[in-house]
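Chemist: Between the sequences and the hints, there should be enough to build the whole structure, so can you do that?
This is what each chain is made of:
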Amino acid sequence: MKQYLLSIYQPDGPPPPPKVLAKVMRDIDAMNQELKASDSWVFAAGLHAPDTATVVRVKDGDVLMTDGPFVEGKEHIGGFTIIKARDLDVALEWGRRLAQATGLPIEVRPFQGEVED
Amino acid sequence: MFRAEYGRAVSVLVRVCGDIDLAEEAVQDAFTAAVERWPSIGVPPSPAGWIITTARNRAIDRFRREASREDRYAEAALLRGGSEPTEEGPLRDDQLRLIFTCCHPALAPTAQVALTLRFVGGLTTAQIARAFLVPEATMAQRLVRAKGKIRDAGIPYRVPDEGDIPARLRSALAVVYLVFNEGYAASSGDQLVREDLCREAIRLGRNLAELLPDVPEIMGLLALMLLVESRRATRTTADGALVLLAEQDHRLWDHRLIAEGQAIVRQCLRRDQPGPYQIQAAINAVHSAAPTAAETDWRQILQLYDLHLSIAPSPVVALNRAVVVGEIDGPDAALALVDALDLGGYHLFHAIRADLLRRLGRSAEAALAYDEAIARSENVPEREFLRVRRRALAES
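These protein sequence lines are chains A and B, in that order. Under my numbering, think of the first position of the first sequence as -14, with each following residue one higher. Under my numbering, think of the first position of the second sequence as 15, with each following residue one higher.
Among the hints, erroneous ones may be present.
[What the hints assert, rightly or not] Looking from chain B toward chain A, a few residues come up when the C-beta cut is under 8 Å (computed):
hint	residue
1	Pro59
2	Ala122
3	Asp166
4	Gly168
5	Ile169
6	Pro170
[Claimed, not checked] Away from chain A, derived, C-beta distances all over 12 Å, residues of chain B:
hint	residue
7	Thr152
8	Ile164
9	Arg397
It should be emphasised that the hints constitute simulated quantities derived from the structure, not laboratory data. Beta carbons are placed, not taken as given, at the ideal position from N, Cα and C, and that holds for glycine.
Modeler: What follows is the structure in structure tokens.
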């Protein structure tokens, strides 16, 4: 069985209004329930904003730390879901569900290797 | 014979091997064996069956030699995949599977085209590279990356679920149409028409129509290609210069292709499930029915464009409709419609504007529009045609 990473790409800036956000969370929850019920769920969670990130690098034996995300851009990863799926068609269908729930672009990318069914 | 059998054999082997590379190797081995052995054993009663059986045996032998855990499961699949490969039903399913996999929407359109021409059409990588005017190494890389994505992302080898077929079919038809368009009005390069690509697209269209009979849009695309292809002899002069539809000698059109295209269009009309390809085919059928350009039934064509806009609107369709309005109501009416469109990047938008302005005697504006069109055209005969028109403006 293959695993896929579904990454939610969020534009920088303030979150949507509470009413909109509440519906998004409800739809994501419903999707997570279905993922669990079909034994497809591996992991799903939202991330804190990119300014809470820290980048750690090792150079010449020294550890360097920088405040902020690795990639500065107009979008950042807002959260991700890891699923098990038999093939890309199944994974893309979950990707479509997540895109509909969030109204955001979702990158669907395969993990290397396989896991037990 | 070989190319048709190649595509069919690959499709069966893809099912049993679950991998395009392995399938391709096995089939190529089988063809090599055929070339070696048939001169002495004679051509078998079912050449296709011989190829497929030989290819499958070679694939099984290969799995046995490379015995690892995953391969043994695959070997089991190979041995199970036992239905007689030349039975109509399973073979048809294998071919559909292969077409739908090559045309999967998760692959870039250029990758879909390359895979389809290679594995469904049986063209060599070199032939495809030549047809699309890229180096062979580039095309080879494109195929390697596409096969890599199929394998690593897990694009499945299966016929899509019934509910998904319309969308997936759109993908497949778009690939066929892309190949045809590339052949018919080559987007770059020295020749206006590349006959081999047009023929290949029509072959693919016929293949799809055979595999999925009575699907109106497949028939529509086939009719469209046949009708456009029927005009090939008159589309350019002997030197390769462009000839407009209005100036083509209808007597030199291929009337066999026209008859076939028109018959299909009539069938589609009876079905009354219109779609963009069917409508474009019908428009071409009306053009093909006119004994001379002057007798073209523009009003009927306008009705067809109106139908097209109502079911599948697009600025390019609106542009082509405006040209028809120009034939009925004159260039002023047409120009008003054209100017309202947002198609600044499209070379034909400027070419059409230039022509309308020219007919209205607005030469300075026409010259500017021709310049815009020339700058955006990547096709030498088209550019030359536009240059001639522009020069004629200066001289009048």
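Chemist: If a hint holds in the structure, say so; if it does not, say that too.
Modeler: Hints versus structure:
The beta carbon of B/Pro59 comes no nearer than 38 Å to any beta carbon in chain A, farther than 8 Å, and the hint placing it at the interface is violated. Nearest Cβ of chain A to the Cβ of B/Ala122: about 14 Å, over the 8 Å cut. The hint is violated. Annotation: interface hint on B/Asp166 holds; nearest CB of chain A at approximately 6 Å, less than 8 Å. Satisfaction of the interface hint for B/Gly168 is found here, the shortest Cβ-Cβ separation to chain A being roughly 5 Å, below the 8 Å cut-off.
For B/Ile169, the shortest C-beta to C-beta distance to chain A is roughly 5 Å, which falls under 8 Å, so the interface hint holds. Hint on B/Pro170 holds. Least Cβ distance to chain A is approximately 4 Å, under the 8 Å limit. The Cβ of B/Thr152 lies farther than 12 Å from every Cβ of chain A, with a closest approach of about 25 Å, so its non-interface assignment holds. Not every Cβ of chain A is farther than 12 Å from the Cβ of B/Ile164; the closest lies at roughly 9 Å, contradicting the non-interface assignment.
No beta-carbon of chain A is positioned within 12 Å of the beta-carbon of B/Arg397; the least distance is around 38 Å.
When the structure is compared with the earlier hints, violations turn up for hints 1, 2 and 8 and for no others.
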